[in-house]
Amino acid sequence: MAKLTFKTDNCKGCGLCVDACPKKLLRLAQDKINKKGHHPAEITDQEQCVGCASCAMMCPDCIIKVER
Amino acid sequence: MADKVLMKGNEAIAEAAIIAGCRHYFGYPITPQTEVAAYMAKKMPKIGGCFLQAESEIAAINMVYGVSSAGKRVMTSSSSPGISLKGEGLSYLAGSDLPALVVNVQRGGPGLGGIQPSQSDYFQATRGGGHGDYHMIVLAPASVQEMAELTVKGFDLADKYRMTSMILADGTMGQMMEPVSLDFDIKPAPEKPWATTGTKLEREHNIVNSLSLVPEELEMLNMKRYERYKQVEENETMYEEYMVDDADIVIAAFGIAARVSKNAVNEARKQGIKAGLIRPITLWPFPKAPFERAVEHAKAFISVELSMGQMIEDVKLATSCKVPVTLCNRVGGMIPSPEQVLKSIIEVNNGGVE
Amino acid sequence: MVVFDKPHALIDVPLHYCPGCTHGIIHRLVAEVIDELGIEGKTIGIAPVGCSVMAYNYFNCDMIEAAHGRAPAVATGVKRADPENHIVFTYQGDGDLASIGMAETVHAAARNENITVIFINNAIYGMTGGQMAPTSLPGQVTQTSPYGRDTKHCGFPIKVCEMLSELEGPEYLERVTVNSVKNIRTAKKAIKKAFQNQIDGKGFSLVEVISSCPTNWGMTPQAALKWIDDKMIPYYPLGVYKDRSAEKEAE
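Residue numbers (this note's numbering), protein chains in the order written: chain A, 9 to 76; chain B, 34 to 387; chain C, 64 to 314.
The shape of chain A in the complex, shown without the other chains (with noise of 0.2 angstroms):
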């Protein structure tokens, strides 16, 4: 199982990690706003993920730490 680690307060809520996790298990939390005002990327399903770093790749803002 791989872990991922949001750096949630400086997500700005682009979904381009979204779009790039192979496993569609990403997306943007409707119920929660991080302090620059965007709903922040998390994981839906953490044992699903298999710690490709796509989603961090694509991320604009570095806010995703890969462990596996």
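Please keep in mind that the hints were generated in silico from the structure rather than gathered at the bench. Fair warning: this is a prediction, and the values are worked out from it, not measured in the lab. C-beta atoms are modelled at their ideal positions from N, C-alpha and C, and glycine is treated no differently. Take these hints with a grain of salt, some might be off.
List time: in silico PhoX-like cross-link candidates among lysine-lysine, alpha-carbon distance up to 25 angstroms [to be verified]:
| no. | chain 1 | residue 1 | chain 2 | residue 2 |
| --- | --- | --- | --- | --- |
| 1 | C | Lys69 | A | Lys43 |
| 2 | C | Lys265 | C | Lys69 |
| 3 | C | Lys69 | A | Lys15 |
| 4 | A | Lys31 | C | Lys265 |
| 5 | C | Lys69 | A | Lys11 |
| 6 | A | Lys44 | C | Lys294 |
| 7 | A | Lys73 | A | Lys11 |
| 8 | B | Lys233 | C | Lys289 |
| 9 | C | Lys69 | B | Lys233 |
| 10 | B | Lys79 | C | Lys265 |
| 11 | C | Lys289 | C | Lys245 |
| 12 | A | Lys73 | C | Lys255 |
| 13 | C | Lys69 | A | Lys32 |
| 14 | A | Lys11 | C | Lys245 |
| 15 | C | Lys252 | A | Lys73 |
| 16 | C | Lys255 | A | Lys32 |
Here are a few chain A residues that sit away from chain C, every Cβ distance over 10 angstroms (derived from the structure) [what the hints assert, rightly or not]:
| no. | residue |
| --- | --- |
| 17 | Asn18 |
| 18 | Lys20 |
| 19 | Arg35 |
| 20 | Ile41 |
| 21 | Glu50 |
| 22 | Glu75 |
Some, not all, of what chain B presents toward chain C, calculated at C-beta under 7 angstroms [stated by the list, open to error]:
| no. | residue |
| --- | --- |
| 23 | Ile51 |
| 24 | Gly54 |
| 25 | Val100 |
| 26 | Ala103 |
| 27 | Tyr125 |
Fit chains B and C to the supplied structure of chain A, relying on the hints for placement.
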């Protein structure tokens, strides 16, 4: 006494710069300063230095910006139209508090003007030349010896105060040949902990920058810069006084105009007119003190210039307009003759007697 | 085991760029390359005027902010101040590099100045609010081409890699983009090569990165990445435009 060598003014600047430790020169061809570049092109490769002919004056001044950012002594030279192009870079150098030496061997203007001597870039030089609040230290040599001496001094002052020193010469100074002593007391350049030379992972990164988007911060930066300018005014003003102590008529002139005026003063004295000369060597900071002293006894001042009257404004300010200040000038590449200046002295003297 | 994190050469502060702007990706790639080559301590970056004007706040190496378009001239000075010990890169947008700074760009390339240039082409002036750039596409609507770029009136976009490839000077020119994971990998390889070339003393290396500007293109970040595929790449084909060392080897 060191041996003297016969040199052109432009070459004296170049050799003095090398003696002062300058190993980087960037320029673009323009008359009448080309000898500086030619001299550097010959010398620099032989002493491990860098001469590079830039694609424009704009590029040249920005190459200067780069070397200065890296903490090394660097210079460029040009003539009036080329200095206008460097104006942007001069403003950025000031905004980033970078030291540099810039030489302007002036020619007639405006526009493309001519290639003969002029002093009509006085405003441009003493008021900064580019946009924003700033000053350069402006040094006005009146001999080939001074071309060399003020170049060395210019580097020292630039490093000391983190600002641009400009040698404001003219075509005559650049082209004339005189014996020069190149025996200088060279001080090592000060430490430059602000320079961008690579962090070596041993310190926080340095940033050389003139952008400041927070108005309070930009205001403070300007205020601090002007405190430094005040120190320059207090400590670095230079001038020569010639027969001023008892003078009725005091001439203000710099560079080639001062040499002509000195002859006229001598002739006036022979004719019984008490004439004198104040020769500003720093045009910024302008030497106010000798004018404030002279205005206590002088009947009138004459500003002798190769311009339509630019320094005359500083003379009027320094004398608080207590006595008349008149202009004696030639422009377009013409130089006032000693006879013209003498005539002006006699006229002003007669006017004063009435 | 950490398999992905912010590189050391990128300072841990929020970037000021708009949501979905690919500047952030390219910053990260440059920083990753600096980390991997172990050159942070000797690298000096030159920031432009434009959206990335504040790049000096984001890179951990020494940074200089240049006047608009003058970064290659400033880089020339920094490099020549200490050619053995300085690794110098410029980071410039299309207005900076291909309009006001074109002379500095061409001449640095012609001199084969041993520097690395990261050129961000997003076909628009972003910082000033979306005006027509030297690289704006024919027909592209911008604030100053509100009826679409009319090539009869204001001419054609400049293809920088193609143009510079005609010069004998430059060592390496490649155009890449960052609109997908695959393309990001290719972009990183190109950027790494552009820095390695400098370390090896090979000379002027420029990587043109086709980038997006969702805000001024008036699109979602996702649509902007697709617009790169649909509109930008057909006009600005990706690939290596010059690789002198490779050419020599092939001979």
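To see whether the hints hold, each was checked on the structure:
1. C/Lys69 - A/Lys43: At roughly 20 angstroms apart (the allowed maximum being 25 angstroms), lysine 43 of chain A and lysine 69 of chain C satisfy the hint.
2. C/Lys265 - C/Lys69: Violated, at roughly 29 angstroms.
3. C/Lys69 - A/Lys15: Holds, because 11 angstroms separates the two Cα atoms, which is no more than 25 angstroms.
4. A/Lys31 - C/Lys265: Status violated; Cα separation ~43 angstroms.
5. C/Lys69 - A/Lys11: holds, 15 angstroms
6. A/Lys44 - C/Lys294: violated, 32 angstroms
7. A/Lys73 - A/Lys11: Holds, at roughly 8 angstroms.
8. B/Lys233 - C/Lys289: The given pair, whose Cα atoms are some 41 angstroms apart, is violated under the 25 angstroms limit.
9. C/Lys69 - B/Lys233: Cα-Cα ~20 angstroms, so holds.
10. B/Lys79 - C/Lys265: Holds, because 24 angstroms separates the two Cα atoms, which is no more than 25 angstroms.
11. C/Lys289 - C/Lys245: Holds - the C-alpha atoms of lysine 245 of chain C and lysine 289 of chain C are around 14 angstroms apart, at most 25 angstroms.
12. A/Lys73 - C/Lys255: Distance ~22 angstroms between lysine 73 of chain A and lysine 255 of chain C Cα, so the pair holds.
13. C/Lys69 - A/Lys32: Distance of about 23 angstroms is within 25 angstroms: holds.
14. A/Lys11 - C/Lys245: holds, 22 angstroms
15. C/Lys252 - A/Lys73: Status holds; Cα separation ~21 angstroms.
16. C/Lys255 - A/Lys32: This hinted pair is violated, its Cα atoms lying about 31 angstroms apart.
17. Asn18: Check fails; 5 angstroms does not lie beyond 10 angstroms.
18. Lys20: violated, 4 angstroms
19. Arg35: holds, 14 angstroms
20. Ile41: holds, 14 angstroms
21. Glu50: Holds: least Cβ distance 16 angstroms, greater than 10 angstroms.
22. Glu75: violated, 5 angstroms
23. Ile51: violated, 16 angstroms
24. Gly54: violated, 13 angstroms
25. Val100: Hint on valine 100 of chain B: holds, closest Cβ of chain C at ~4 angstroms, below 7 angstroms.
26. Ala103: Cβ of alanine 103 of chain B sits 4 angstroms from chain C, so the hint holds.
27. Tyr125: Holds - the Cβ of tyrosine 125 of chain B comes within 7 angstroms of chain C, reaching about 5 angstroms at its closest.
The earlier numbered hints that this structure contradicts are 2, 4, 6, 8, 16, 17, 18, 22, 23 and 24.
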